[in-house]
Amino acid sequence: MGLFILRRLGVMLLTAFCLTFLVFWLTNLYPNLEKLAKNQGNSRMQTHEVATWLTNRGYRSEIDPELIAASRDGSLSDDDFEAEVTGFDTRLFANYGEWLGILPGYVITGHDGVTRSRCSNHSAVDGDEPQFCGILQGNWGYSTVAKKAVADVLPTRLANTGKLMLAVLLVMVPGALIIGILAGMREGSRTDRTLSTVSIITTATPEYVSGVVFISLFATGTFGMQWFKGSASSAVENATFENFTLPVLTIALYGMGYIARMTRASMTEVMTAQYIRTARLKGVSFRNIVLRHALRNALIAPFTVIMLQIPWLLNGVVIVETLFTYQGFGWELVRAASNNDIEMLLGVSIVSVFVVLLTQLISDVGYVFLNPRIRIS
Amino acid sequence: MDPLTWTGPVGSFLNPLLGIGIGVFLTAVIIQSLMLLIREEDPIVVNPDGTLARKTGLPGGVERIITLSMLLIIVLLLAYIVLGVITPHGTVGIIGGMAKQFLPVWIALIAMFVISMRYKRKLGLYGKLFDSTVGMIGLGIVMFWVFTALFTGVFDLIATHDPLAQVSGLKNKVPGVPMPDADAPYAHYLLGGDNLARDIFSRMVHGSVIVVAIAPLATIFAFMVGITLGLPAGYFSGRLDTVLSFVANLILAFPVILLFYLLVTPEIVETGIPSYMAAFLFVFPLIFFGVLLNSRYYTQPSKRTPILIVVLGVLLLLYLSMINQKGTVIDFLPEWLDLFDLDILVVFVSVVFVNSPTVFRIVRSLALDLRTRDYVAAAQTRGEGAWYIMLWEILPNARGPLIVDFCLRIGYTTILLGTLGFFGLGLSSESPDWGSTINEGRKLLLVFTHPPLPPAFALLTLVLGLNLLADGLREESLRD
Numbered sequence: 430m431g432l433f434i435l436r437r438l439g440v441m442l443l444t445a446f447c448l449t450f451l452v453f454w455l456t457n458l459y460p461n462l463e464k465l466a467k468n469q470g471n472s473r474m475q476t477h478e479v480a481t482w483l484t485n486r487g488y489r490s491e492i493d494p495e496l497i498a499a500s501r502d503g504s505l506s507d508d509d510f511e512a513e514v515t516g517f518d519t520r521l522f523a524n525y526g527e528w529l530g531i532l533p534g535y536v537i538t539g540h541d542g543v544t545r546s547r548c549s550n551h552s553a554v555d556g557d558e559p560q561f562c563g564i565l566q567g568n569w570g571y572s573t574v575a576k577k578a579v580a581d582v583l584p585t586r587l588a589n590t591g592k593l594m595l596a597v598l599l600v601m602v603p604g605a606l607i608i609g610i611l612a613g614m615r616e617g618s619r620t621d622r623t624l625s626t627v628s629i630i631t632t633a634t635p636e637y638v639s640g641v642v643f644i645s646l647f648a649t650g651t652f653g654m655q656w657f658k659g660s661a662s663s664a665v666e667n668a669t670f671e672n673f674t675l676p677v678l679t680i681a682l683y684g685m686g687y688i689a690r691m692t693r694a695s696m697t698e699v700m701t702a703q704y705i706r707t708a709r710l711k712g713v714s715f716r717n718i719v720l721r722h723a724l725r726n727a728l729i730a731p732f733t734v735i736m737l738q739i740p741w742l743l744n745g746v747v748i749v750e751t752l753f754t755y756q757g758f759g760w761e762l763v764r765a766a767s768n769n770d771i772e773m774l775l776g777v778s779i780v781s782v783f784v785v786l787l788t789q790l791i792s793d794v795g796y797v798f799l800n801p802r803i804r805i806s
Numbered sequence: 008m009d010p011l012t013w014t015g016p017v018g019s020f021l022n023p024l025l026g027i028g029i030g031v032f033l034t035a036v037i038i039q040s041l042m043l044l045i046r047e048e049d050p051i052v053v054n055p056d057g058t059l060a061r062k063t064g065l066p067g068g069v070e071r072i073i074t075l076s077m078l079l080i081i082v083l084l085l086a087y088i089v090l091g092v093i094t095p096h097g098t099v100g101i102i103g104g105m106a107k108q109f110l111p112v113w114i115a116l117i118a119m120f121v122i123s124m125r126y127k128r129k130l131g132l133y134g135k136l137f138d139s140t141v142g143m144i145g146l147g148i149v150m151f152w153v154f155t156a157l158f159t160g161v162f163d164l165i166a167t168h169d170p171l172a173q174v175s176g177l178k179n180k181v182p183g184v185p186m187p188d189a190d191a192p193y194a195h196y197l198l199g200g201d202n203l204a205r206d207i208f209s210r211m212v213h214g215s216v217i218v219v220a221i222a223p224l225a226t227i228f229a230f231m232v233g234i235t236l237g238l239p240a241g242y243f244s245g246r247l248d249t250v251l252s253f254v255a256n257l258i259l260a261f262p263v264i265l266l267f268y269l270l271v272t273p274e275i276v277e278t279g280i281p282s283y284m285a286a287f288l289f290v291f292p293l294i295f296f297g298v299l300l301n302s303r304y305y306t307q308p309s310k311r312t313p314i315l316i317v318v319l320g321v322l323l324l325l326y327l328s329m330i331n332q333k334g335t336v337i338d339f340l341p342e343w344l345d346l347f348d349l350d351i352l353v354v355f356v357s358v359v360f361v362n363s364p365t366v367f368r369i370v371r372s373l374a375l376d377l378r379t380r381d382y383v384a385a386a387q388t389r390g391e392g393a394w395y396i397m398l399w400e401i402l403p404n405a406r407g408p409l410i411v412d413f414c415l416r417i418g419y420t421t422i423l424l425g426t427l428g429f430f431g432l433g434l435s436s437e438s439p440d441w442g443s444t445i446n447e448g449r450k451l452l453l454v455f456t457h458p459p460l461p462p463a464f465a466l467l468t469l470v471l472g473l474n475l476l477a478d479g480l481r482e483e484s485l486r487d
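In order, the protein sequences belong to chains A and B. Residues 430 to 806 in this note's numbering are what the first sequence lists, from first letter to last. Residues 8 to 487 in this note's numbering are what the second sequence lists, from first letter to last.
Careful, some of the hints might be misleading.
Claimed, not checked - Once the Cα atoms are required to be at most 35 Å apart in a straight line, the calculated DSBU-like pairs of lysine-lysine come out as:
| id | chain 1 | residue 1 | chain 2 | residue 2 |
| --- | --- | --- | --- | --- |
| 1 | A | Lys577 | A | Lys592 |
| 2 | B | Lys107 | B | Lys135 |
| 3 | A | Lys576 | A | Lys592 |
| 4 | B | Lys180 | B | Lys450 |
| 5 | B | Lys450 | A | Lys577 |
| 6 | A | Lys711 | A | Lys576 |
| 7 | B | Lys450 | A | Lys467 |
| 8 | A | Lys467 | A | Lys577 |
| 9 | B | Lys450 | A | Lys464 |
| 10 | A | Lys464 | B | Lys333 |
| 11 | A | Lys467 | B | Lys333 |
| 12 | B | Lys107 | B | Lys129 |
| 13 | A | Lys464 | A | Lys577 |
| 14 | B | Lys333 | B | Lys450 |
| 15 | B | Lys450 | A | Lys576 |
| 16 | B | Lys450 | B | Lys107 |
| 17 | A | Lys592 | B | Lys450 |
| 18 | B | Lys310 | B | Lys129 |
| 19 | B | Lys107 | B | Lys178 |
What the hints assert, rightly or not - These stretches of chain B come out as covered by chain A in the derived footprint (C-beta under 8 Å, 3 or more residues):
| id | stretch |
| --- | --- |
| 20 | 24-30 |
| 21 | 265-272 |
| 22 | 418-425 |
Said to hold, decoys possible - Incomplete in silico selection of chain B near chain A, CB under 8 Å:
| id | residue |
| --- | --- |
| 23 | Phe261 |
| 24 | Glu277 |
| 25 | Thr278 |
| 26 | Phe429 |
| 27 | Arg449 |
| 28 | Leu466 |
Don't read these hints as lab results, they were simulated from the structure. Quick reminder that beta carbons are idealized off the backbone N, C-alpha and C, glycines included.
Kindly generate the complete structure, drawing on both the sequences and the hints.
What follows is the structure, given as structure tokens:
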């Protein structure tokens with residue numbers, strides 16, 4: 430068992446390593462960096478000025494200084510210069526190592542004579558910076574949109590989303606289990622058919638559809654049922670029944686159908702098992718068969734499904750937080766991604782990748798614990 | 008012209024009837040569920056000799072009321088459509104107007120169902136679908152949108168207006184609003200006008216063309232990738248399986264929206280990554296068909312070579328004109344060879360990319376299971392090649408679950424396309440696809456509720472239809 434967990438942890442770390450590198454690469458492509466330079470420096474910078482700006486701050490500009498010099502004195506035309514810009518270079522790996530905190534941060538004396546370093550936030554050094562300053566050292570970088578350190582912004586966003594997720598799970602899991610068990614305990618009955626149809630409908634309704642329908646039904650006066658609020662921005666401070674119901678319901682509904690169907694499948698399988706027939710022949714009442722004998726065995730499979738559903742909830746969270754302007758993690762993701770906020774996007778990606786990997790690990794380990802038939806030797 | 012109401016003059020006597028029908032139905036259902044809570048009995052009992060009998064008394068009566076009222080509701084709903092089609096414009100209001108516009112779709116649907124029912128015993132799995140109610144409903148809904156897309160996209164029949172034309176004065180107007188210009192070809196905006204005064208009904212109908220064209224095609228590509236990589240991974244297992252599964256899990260560990268935001272941005276398109284990904288992903292159909300035919304006709308070179316040349320030649324041309332795109336890094340084909348330009352290549356690529364790992368996992372686990380069967384051992388003893396066994400022994404036997412997953416996956420792809428539209432990624436903001444129209448409509452949702460609802464319902468019904476169809480197929484393929 431210990432070895433199994435260790436091996437899973439090893440694969441998980443390797444996956445995390447690859448994924449963070451991928452995200453780092455995709456967010457640090459040259460066009461993104463160029464946009465960053467123009468955004469932070471001067472929006473009318475020439476290509477070589479952008480390159481200078483980037484090399485001065487330790488970013489990969491993919492151009493060696495000689496090219497920049499050649500461009501400066503006019504011996505290289507702008508078109509030829511542009512042609513040299515895109516490509517692959519080893520600076521990417523160095524940058525990734527610095528960002529991760531396994532390589533010492535750069536200290537570069539730029540063309541303008543200022544010595545900058547990564548550990549002084551890309552500004553002039555004052556001498557007492559640490560040598561390493563990456564994610565591992567707790568330096569998550571600086572968000573260019575929020576104008577704050579990423580480490581200051583993310584925890585509050587995560588707390589908001591945590592609140593939302595908790596409410597969603599509290600609604601979704603019991604609801605799905607009840608629907609699945611009611612449908613699965615008598616296969617083929619009318620209850621089964623009705624509930625199965627309901628769960629198919631909910632799985633066919635993505636969050637942006639149900640959210641829009643809910644808002645127009647319950648948050649506007651068009652249908653005479655203006656019971657809730659269509660915006661959850663006030664729920665960050667003070668979540669009430671009025672402003673929190675619709676977002677929670679929207680996310681919960683999409684996941685609910687899937688879990689319910691899995692529970693139903695597992696329940697119908699258990700209900701045809703030998704020991705249920707024995708119990709029936711012994712004369713145990715139907716209620717006791719369901720509650721005492723079937724339920725516990727039927728809940729093993731849904732556990733895995735619920736854990737694996739959490740990464741899917743993440744999607745729903747992004748959609749719903751955008752739709753209801755709830756300032757959580759998903760909302761921050763959309764804001765960072767659409768504004769080229771590289772460090773924030775990296776931070777958001779790391780968190781979501783780890784959420785996904787952790788739930789996978791928990792579901793694997795939990796499944797082994799719950800199911801006595803599986804023995805890992 | 009007067010504005011249209013939802014059901015027009017006919018509605019004044021049909022609506023109360025429908026109200027009564029629904030009321031009776033709901034009360035009967037509630038009574039029956041209450042009775043079920045008290046006594047665990049089914050209104051239908053099985054006699055010892057195997058026949059079924061309907062119970063009499065209160066439970067049987069309630070059961071009969073439910074059936075009758077449901078029938079009444081269905082008949083009334085059909086009446087709206089039929090009356091809408093046969094009476095002149097405006098008699099059955101907006102519903103009737105829409106029913107009339109969809110007339111070619113109704114005809115095609117009826118023709119398809121009549122022919123299929125007639126020959127259902129000769130049509131294999133497709134024919135068996137007509138034994139399951141769920142499957143028939145699902146197929147009906149799916150084909151409704153397929154025919155709509157076909158008639159709109161090819162024959163330009165169903166839409167009432169140009170989906171991009173703006174008519175001043177109809178901005179955000181409610182459904183049924185008349186055109187300001189008296190001699191306009193169609194007198195009303197059936198489902199109202201959107202934020203830019205365009206006809207919502209026509210936009211919804213035109214949106215179906217985009218979805219119906221892209222979603223199945225992207226799913227087919229994802230299946231090609233998944234099958235071509237999943238079969239050897241499951242059949243050979245070992246190190247190949249470890250590496251491929253690791254890569255698949257890597258992609259699956261990405262939250263989809265984050266992946267979209269990383270892949271579908273103008274900056275990434277500028278670097279040419281989507282074009283390279285397209286060049287990589289779209290080569291899989293070539294590999295698949297090449298290996299498929301080669302392994303089949305390997306012993307008959309006189310037959311194999313011409314077949315391979317023709318098939319691979321056509322596929323290669325399609326492949327090249329698909330990845331070749333003006334203004335991107337891959338732009339080398341002469342104009343006359345480039346058959347078509349996909350404007351939304353990046354959307355297409357990212358949807359295929361997201362779907363492939365899941366298909367890979369399904370195919371891999373099926374191959375892992377099937378490779379221990381006797382017929383595989385028999386083929387191995389005969390000395391068949393590995394690819395022949397995978398593609399001509401294992402794959403046909405895995406078709407049941409794969410067809411079911413194919414239907415589900417088209418639905419999921421539709422949802423993904425909607426998600427892309429909802430975040431305004433990849434598709435132009437003018438595009439009438441359902442995700443973008445929902446996104447456009449939601450901005451003013453608290454003031455005008457009508458613009459985003461039609462595309463939302465359209466997307467919901469299409470995905471629901473695909474899910475029901477998959478359910479029906481699963482049921483029928485499990486039966487034999």
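Tested hints:
Between Lys577(A) and Lys592(A) the alpha-carbon distance is near 23 Å, which keeps this suggested pair within the 35 Å criterion. Restraint check for Lys107(B) and Lys135(B): satisfied, since their Cα atoms lie roughly 31 Å apart, inside the 35 Å limit. This hinted pair checks out: Lys576(A) and Lys592(A) have alpha carbons roughly 25 Å apart, not beyond 35 Å. Simply put, Lys180(B) and Lys450(B) have alpha-carbon atoms about 16 Å apart, close enough for the 35 Å limit, and the pair holds.
Distance hint between Lys450(B) and Lys577(A) is fulfilled; the C-alpha atoms sit about 28 Å from each other, no more than 35 Å. Our distance criterion of 35 Å between C-alpha atoms is broken by Lys711(A) and Lys576(A), whose separation comes to about 70 Å. For the proposed pair Lys450(B) and Lys467(A), the alpha carbon gap of about 30 Å is at most 35 Å, so the pair holds. Of the pairs offered as hints, the one joining Lys467(A) and Lys577(A) holds, with about 19 Å between alpha carbons and a cut-off of 35 Å not exceeded.
Taking the CA atoms of Lys450(B) and Lys464(A), the gap is near 28 Å; set against the 35 Å cutoff, the hint holds. For the given pair, Lys464(A) sits about 24 Å from Lys333(B) by alpha-carbon distance, which is consistent with the 35 Å threshold. A threshold of 35 Å between alpha carbons decides the hint, and for Lys467(A) with Lys333(B) the separation of about 27 Å falls inside it, so the pair holds. Between the alpha carbons of Lys107(B) and Lys129(B) the distance comes to roughly 34 Å, so the proposed pair stays at or under 35 Å and holds.
Restraint check: the Cα-Cα separation between Lys464(A) and Lys577(A) comes to about 19 Å, which is no more than 35 Å; the hinted pair holds. Between Lys333(B) and Lys450(B) the CA atoms are separated by roughly 34 Å; this keeps the pair inside 35 Å, and the hint holds. About 27 Å separates the Cα atoms of Lys450(B) and Lys576(A), which keeps this hinted pair within 35 Å; it holds. At roughly 31 Å between alpha-carbon atoms, Lys450(B) and Lys107(B) fall within 35 Å of each other, so this suggested pair holds.
A hinted pair counts as satisfied when its Cα atoms are at most 35 Å apart, and Lys592(A) with Lys450(B) qualifies at roughly 25 Å. Between the alpha carbons of Lys310(B) and Lys129(B) the distance comes to roughly 30 Å, so the proposed pair stays at or under 35 Å and holds. At most 35 Å may separate the alpha-carbon atoms for a hinted pair to count; Lys107(B) and Lys178(B) meet this at roughly 25 Å. With a cut-off of 8 Å between beta carbons, the stretch 24-30 of chain B has 0 residues touching chain A; three or more are needed, and the interface restraint is violated.
Residue count for the stretch 265-272 of chain B with a Cβ under 8 Å from a Cβ of chain A: 5. That meets the three needed, and the coverage hint holds. A stretch counts as covered by a chain when three or more of its residues have a beta carbon under 8 Å from one of that chain; for the stretch 418-425 of chain B and chain A the count is 3, and the coverage holds. Given the 8 Å rule on beta carbons, the hint for Phe261(B) holds: about 7 Å separates it from the nearest Cβ of chain A. At a threshold of 8 Å, the smallest CB-CB gap from Glu277(B) to chain A is about 5 Å, leaving the interface hint in force.
Interface hint status for Thr278(B): upheld, as the beta-carbon distance to the closest one in chain A is roughly 5 Å, under 8 Å. With its C-beta approaching chain A no nearer than about 5 Å, Phe429(B) sits inside the 8 Å limit, and its interface hint holds. With a least beta-carbon distance of about 6 Å to chain A, the hint placing Arg449(B) at the interface is held under the 8 Å criterion. This hint holds: Leu466(B) has a C-beta 6 Å from the nearest C-beta of chain A, less than the 8 Å allowed.
In the structure shown, a violation is registered for the earlier hints numbered 6 and 20, in ascending order.
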